[in-house]
Each structure stands twice: as structure tokens, then as C-alpha cells.
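Let the sequences and hints guide you as you build the complete structure.
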Amino acid sequence: MKNAVISVHDLVKKFGSFVANDHLSFEVYEGEIFGFLGANGAGKTTALRILSGLSAPTSGKVLVAGFDAARDPEKIKKNIGYMCQKFSLYNDLTVRENIMLYGGIYGMRKALIRERCEELLERLRFMEYGNRLISDLPLGLRQKLAFSVAVLHEPRIVFLDEPTGGVDPITRRQFWEMIYETAARGITIFVTTHYMDEAEYCDRISIMNEGRIVALDTPDGLKNKYRVDSVEEVFVKIVRSGKISV
Amino acid sequence: MRTILYLIRKEFLQIFRDKFIGKAIFAVPVVQMLILVPAVTFEIRRVNLGIVNQDMSAESRTLVSQLEGSAFFKIRNTSFQEAEGRDWLHRGDCDLVVHIPADFGRELGKGNPVKIMVAANAINAVNAQLSWAYLNGVIRDYNLDILAQNPGKSSYLPMATQPGSVLKSEIVTPIAIGAKSDIPDLKSEIQNPTSDIPQIQVTNRYWYNESLNYKYYMLPGILGILVLAIGFVLAGLNLVKEKESGTIEQINVTPVKKYHFILAKMFPFVVIGMIDIAIGLVIGKLVFGLPFAGNLGLLFLGSFIFMVAVLGLALFISTFSDTQQQFMFTAFFFMIIFILMSGIFTPIDSMPVWAQKLDMINPAVYVMRINRMVLLKGSTFNDISGDLLMLSVIAVAFTGLAVNRYRKTA
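In order, the protein sequences belong to chains A and B.
The opening residue of the first sequence carries number 1 in my numbering; numbering runs sequentially from there.
The opening residue of the second sequence carries number 1 in my numbering; numbering runs sequentially from there.
It is possible that some hints are incorrect.
[Claimed, not checked] As a list, the in silico DSSO-like pairs of lysine-lysine whose alpha-carbon atoms are at most 30 angstroms apart: (1) A:78 with A:2; (2) A:14 with B:257; (3) A:61 with B:257; (4) A:14 with B:19; (5) B:215 with A:78; (6) B:243 with A:75; (7) B:258 with A:86; (8) B:19 with A:75; (9) B:257 with A:86; (10) A:110 with B:257; (11) B:215 with B:285; (12) A:78 with B:243; (13) B:241 with A:75; (14) A:110 with B:377; (15) B:408 with A:86; (16) A:14 with A:86; (17) B:408 with A:78; (18) A:14 with B:258; (19) B:285 with A:110; (20) B:241 with B:23; (21) B:19 with A:110; (22) A:75 with A:110; (23) A:78 with A:225; (24) A:14 with B:243; (25) B:215 with A:14; (26) B:258 with B:241.
[Unchecked claim] Heads up, incomplete: computed chain B residues facing chain A, CB under 10 angstroms, no partners named: (27) 5; (28) 10; (29) 17; (30) 68; (31) 70; (32) 246; (33) 247; (34) 251; (35) 257; (36) 259; (37) 260.
Worth flagging that the hints you see were computed from the coordinates, not collected in a lab.
We put the beta carbon where it would ideally sit given N, CA and C, even for glycine.
Listed below in C-alpha cells is the structure:
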């Protein structure tokens with residue numbers, strides 16, 4: 001039986017009279033790569049911020065790693081990693097200093113942080129960058145590093161908000177290899193994107209439009225249902241029909 | 001608890017990685033001390049004096065030469081015409097014009113009361129009053145000399161009266177120095193009259209700052225302002241900068257405790273503030289010869305609590321500022337009020353009662369008092385315990401507000 005590590009029931013988030021998330025309900029299973037798709041402004045980031053405890057839901061029930069997002073956001077934060085579309089490591093600290101900082105914040109032992117840090121630098125072939133400032137690194141390297149830092153403490157779930165925005169295709173591919181490796185270790189991946197080829201890599205995808213989830217299935221399931229060859233076509237069909245219905 | 005050490009390390013790294021800030025936080029207090037301590041003073045020297053002397057008798061010349069001999073006055077202009085005196089004031093050549101009327105010497109010789117007119121530029125009321133007081137001192141000496149030389153003729157002893165308030169330089173109030181004859185008649189057989197004139201001799205001693213050195217008065221206050229500026233601006237901007245760059249979001253999504261984050265932001269600046277105070281004290285001692293009458297430990301204790309209060313408020317403000325601009329605007333508002341109402345320039349006792357009440361939450365008030373009392377008066381812990389307590393209450397309150405207002409979940 002699949003074990004739900006995120007379960008959302010009737011989630012509503014309003015900003016004044018604007019409804020950003022309109023009665024969302026879905027589950028994410030342990031160890032899967034869950035793609036969260038939608039046009040710009042569809043409400044993806046809002047939902048992701050609620051799931052990661054950065055924003056409080058207006059109503060509805062949200063359980064992440066067994067904790068209620070409305071009542072215990074700090075407990076959720078212990079169990080998740082987070083990487084935001086806006087690059088968020090400290091630019092004026094070196095690679096090693098950033099790793100030490102975040103390891104320390106998650107309460108890891110110093111020896112363990114050092115060990116993971118060197119391991120990570122080696123795996124990313126990053127050794128020569130260890131003592132360089134983040135601001136000196138090319139964007140692709142920064143994104144990979146940010147992802148590695150987000151999973152440094154081996155969280156149960158990692159939230160990725162458009163992690164590959166502005167990155168070249170080769171780096172994107174390498175990035176997705178890292179995601180696969182991480183998922184293989186049992187860490188659940190929750191990723192928002194608007195690259196439709198990336199959606200194909202996900203175990204399951206949900207498509208949001210104007211605050212609602214309009215489709216949720218495996219990529220193949222969706223392609224069969226809409227009788228098309230790619231997720232991109234599924235997306236275009238759904239979003240277009242959604243617009244017309246409004 | 002280990003988490004906070006990682007955060008403190010990060011803050012220190014970031015402060016000193018900025019090459020300019022890393023140096024400026026130690027250079028600024030040195031420069032400020034060297035400039036402000038000698039420059040900010042109430043001492044009045046060389047008041048520009050104008051003399052309109054229509055008399056030209058020996059008596060009037062004696063008065064003029066006594067004014068000339070005073071260290072406080074510098075005679076810029078002399079004339080025979082009253083109109084010229086007005087021009088000097090108008091043009092700002094003179095701050096004080098003394099008008100000696102034509103019959104001054106003659107009337108004085110007859111033993112009649114005489115008047116001289118004094119006009120003061122009172123745009124700066126404090127300056128005008130002080131110059132007026134100095135002038136009165138010279139006239140008093142002059143009177144005593146006349147008395148001593150002419151025993152028995154007491155009726156012409158002029159006494160100074162207060163000048164009326166003058167608001168603009170254009171409107172100058174001529175001041176009459178009226179005569180009063182309230183000194184008892186002297187016996188004619190007195191040989192050496194000066195020593196035997198029955199009068200109250202005031203001998204005074206200025207306590208705690210015997211030489212009335214304004215540098216000693218200003219220096220302890222400037223020590224407070226120095227760390228106020230550093231703590232307030234740098235710490236507050238630091239947090240707002242994290243908001244602008246988005247790094248705070250990455251922190252907010254971790255399980256870090258709010259008070260860990262806020263205290264870690266405060267800690268480096270408290271340390272830097274203490275070092276700055278130490279630098280300031282060394283300069284005070286070596287350059288200005290400031291006496292350390294009291295226990296420096298108390299001074300550091302006071303400054304420590306003061307820094308916490310200031311940083312608490314700065315961080316509180318930065319929790320609701322989204323941009324560095326918003327923060328600076330609000331911070332300047334508070335800083336100017338704190339400094340001008342701190343009692344560094346003007347006594348708190350002379351402020352209206354409502355302002356004094358308001359001033360109870362101004363941390364600068366307490367640190368001014370503590371610094372001055374400890375450095376100049378040698379006050380002990382018991383003397384300043386009330387101020388320390390109030391300062392602590394403010395520090396805890398502001399820090400509490402900052403922690404409370406800082407939201408990790410919006």
C-alpha cells in the first residue's frame with residue numbers, strides 16, 4: 001500500500017478577495033517524484049509555500065510528513081528541504097560556509113556536516129569551488145549546489161520551486177539525474193516546473209489552472225486520456241479548455 | 001543552542017566579508033570622536049562686540065578697555081553713531097552692541113545713575129543670554145572698581161537687568177541697565193574701601209567637571225550616539241537586505257527558532273559596539289584627557305544593555321520594512337528623535353512634561369546619564385541601578401517585539 005507523505009484536503013488560500021488556491025485535494029506518496037504543473041499565476045508557488053510551512057492556509061486540511069501545516073509549520077520544516085526559484089544561498093559566503101551553515105541550522109553534528117560536505121563536493125566535481133564565494137559560481141553550478149544543500153540533512157520530502165529556471169539543457173539533464181538519485185534514496189520530490197519535457201520524468205503530475213487542480217495522473221495516463229503524444233499537448237488542451245469554460 | 005553559534009558565525013563572516021563595512025565600523029567612531037568632541041560645544045568665546053561710544057570720557061574708556069580685556073569679547077567695531085551699531089547687528093558683524101551715551105562720564109562723576117544700552121542678536125537665545133551674562137560680569141567688576149575708588153558715592157551703582165527676549169536679528173531690543181542704590185552707605189574713614197565693602201561674596205566650585213570643560217561633558221554622550229548609529233543602521237539594514245535578496249526565505253523554511261535568528265543578528269553588533277566604546281574611551285583619555293572617575297565596567301554594562309535595546313528596536317522596524325529605503329526612513333525618524341531628546345544637547349528637565357514622559361522609552365536618555373555619571377561623577381552601581389533597570393526593561397521589550405513580529409510563516 002502506498003504511504004501518503006503529503007495529504008491535502010480542500011485547501012483554500014485567499015489573498016483578500018483573490019482565490020489563489022481553490023479547494024485543492026491531492027496526495028503525494030512516499031518516494032515518488034511529484035510534478036506540479038501550471039501556467040504562470042496558476043497558484044503553484046502559493047500551494048508549495050503552504051506545504052513547506054512558509055504560508056498559512058486560509059482553510060482546509062494540509063498534512064505534510066504527518067504534521068498539520070496550519071498548526072505545526074515548524075515541525076514540518078524539520079522534515080523537509082526547500083529550494084526556491086529565486087536562488088537563495090548566501091552570495092557573500094563560500095560554498096563550504098553555506099554548507100556548514102545549513103547543516104548547523106538543521107542540527108547536524110559538525111563531523112557529519114564536514115563529511116557530507118566533502119562527499120558532496122566530490123560527487124559534484126566541485127572540489128576547486130569549495131572556498132569560492134557563491135557569487136563567483138555560474139548559475140548552473142549554483143542550482144546544483146542549492147539542491148544538494150536542500151537535501152543535506154536527508155529530509156523526508158524536498159520541495160523544488162522551478163529549480164531549473166534559466167539553466168542550459170545539459171545542466172538541466174544533470175540536475176534531473178540528481179533528482180533521480182535523491183528519489184532513489186527514498187526522499188519524496190515535489191517539483192514545480194513549466195518545462196513540459198521535465199514533466200515526462202515525473203512519476204505523477206498534477207496540472208493547475210486558475211487556482212484549481214484540473215488533472216492528476218501519471219504522464220502516460222494523461223496522454224492516453226487526452227489521446228495525445230506528449231504532456232505538453234495535454235497541458236495545452238487542458239489550459240485552453242479551462243480558459244474557454246471561464 | 002548550537003544552531004545559534006552557526007548563525008552568529010555566519011553574521012560575523014558576512015559583516016567582515018564586506019571590506020568597506022568591516023573597516024568603517026571601527027574607523028567611523030575614531031573620526032566621529034575626533035571631530036565631534038571638540039566641535040560640539042556650548043562654550044562661547046570671542047563674542048563679536050560693537051561699541052558705540054558717544055561719550056569719550058575717561059570713565060567710558062575704562063569700561064571699553066575692561067571689555068576689551070575680557071577673554072569672551074572681541075571688539076569688532078567702534079563708532080560714534082548709533083545707526084552704525086544697528087547696521088552691525090543687521091549685517092551680522094556683531095552679536096552684541098554696547099551703546100555708551102554722551103553724558104556717561106559726566107553723570108557718573110556727579111554720582112547720578114547712568115544707563116548704557118545693550119542690544120543683542122538673539123537668534124540663538126542661548127548665545128545671547130550667555131553673552132549678556134558675561135557682559136554683566138564685566139560691568140559688575142567695573143562698578144566695584146568705582147566703588148572702591150569713590151567710597152561714599154554708592155548711589156550710581158548700576159545693576160544689570162535681564163534683557164527682553166528677541167526673536168529675530170532685525171528686531172533688537174535695546175536694554176537699559178538701570179541703577180539701583182541698594183548698597184548701604186560706606187563710612188568715610190575707611191582707608192582701604194575695597195576689602196571692607198559689606199557685600200555677599202559668592203565663591204563657587206563646580207563639582208564633577210571643575211574646569212567646566214565642555215569636552216568632558218560632550219564626550220560621554222557622544223560615546224552613546226556613536227554606537228547608536230552603528231547598531232541601528234547596520235543591524236536593521238542587514239535583516240532587510242536578507243528580505244530583498246530572498247535569503248531569508250531559505251532561513252524561514254528551516255526549523256531555526258525565531259529568537260535564535262534575532263539574537264544571532266544582534267550579537268555581532270553588540271560586540272562591535274563594545275569595541276567601539278573601548279576605542280572611544282582610549283581616544284577620550286589620550287586625546288582629550290577625559291578623567292575616568294568611575295568604574296569602566298559599569299559603563300560597559302550600561303552600553304551593553306543600551307546596544308541590545310537599540311538593536312531590538314532596529315530589528316523590530318526591519319521586520320515590517322520590505323525595502324532598505326523603508327527601513328532607513330523609519331530608522332532616521334527614530335534616531336533623530338532619540339538623539340535630540342537624549343539630553344546630550346539640552347537638559348531633559350527643561351522639556352515639557354509630556355515630552356519627558358515620552359522620553360522614558362528613549363534608551364539614549366539612560367545611556368547619556370549613565371555615561372556621564374560614571375565617567376565624570378564616579379557613580380557606583382547603586383547610583384545608576386534605576387537607569388540600568390529601565391534600560392533593561394526597554395531592551396527586553398524591544399527585543400521581544402522584534403522576535404514576536406518576525407514571522408517565519410506568513
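To see whether the hints hold, each was checked on the structure:
1. A:78 with A:2: Holds. Residue 78 (chain A) to residue 2 (chain A) sits at ~23 angstroms (cutoff 30 angstroms).
2. A:14 with B:257: holds (27 angstroms)
3. A:61 with B:257: holds (25 angstroms)
4. A:14 with B:19: Judged against 30 angstroms, a Cα distance of about 44 angstroms means the pair is violated.
5. B:215 with A:78: This hinted pair is violated, its Cα atoms lying about 56 angstroms apart.
6. B:243 with A:75: The given pair, whose Cα atoms are some 23 angstroms apart, holds under the 30 angstroms limit.
7. B:258 with A:86: holds (23 angstroms)
8. B:19 with A:75: violated (38 angstroms)
9. B:257 with A:86: holds (23 angstroms)
10. A:110 with B:257: holds (19 angstroms)
11. B:215 with B:285: Satisfied, since the Cα-Cα distance of roughly 11 angstroms is no more than 30 angstroms.
12. A:78 with B:243: Within the cut-off at roughly 22 angstroms; holds.
13. B:241 with A:75: Answer holds: residue 241 (chain B) to residue 75 (chain A) is near 27 angstroms, not above 30 angstroms.
14. A:110 with B:377: violated (50 angstroms)
15. B:408 with A:86: Holds, at about 18 angstroms.
16. A:14 with A:86: Holds, at about 23 angstroms.
17. B:408 with A:78: holds (13 angstroms)
18. A:14 with B:258: holds (26 angstroms)
19. B:285 with A:110: violated (45 angstroms)
20. B:241 with B:23: It holds: about 20 angstroms lies between the C-alpha atoms, which stays within 30 angstroms.
21. B:19 with A:110: OK: residue 19 (chain B) and residue 110 (chain A) at ~28 angstroms, within 30 angstroms.
22. A:75 with A:110: holds (22 angstroms)
23. A:78 with A:225: Measuring from Cα to Cα gives roughly 39 angstroms; hence the hint is violated.
24. A:14 with B:243: Judged against 30 angstroms, a Cα distance of about 23 angstroms means the pair holds.
25. B:215 with A:14: This hinted pair is violated, its Cα atoms lying about 60 angstroms apart.
26. B:258 with B:241: Given that 30 angstroms is the threshold and the Cα spacing comes to 17 angstroms, the pair holds.
27. 5: This hint holds: residue 5 (chain B) lies near chain A, its Cβ roughly 7 angstroms from the closest one there, short of 10 angstroms.
28. 10: holds (5 angstroms)
29. 17: Status holds, d = 5 angstroms.
30. 68: Violated, about 64 angstroms.
31. 70: violated (60 angstroms)
32. 246: This interface hint holds because 4 angstroms falls under the 10 angstroms limit.
33. 247: holds (5 angstroms)
34. 251: holds (8 angstroms)
35. 257: holds (8 angstroms)
36. 259: The hint is violated - residue 259 (chain B) has no Cβ within 10 angstroms of chain A, the shortest such distance being about 13 angstroms.
37. 260: Nearest chain A Cβ about 9 angstroms off; hint holds.
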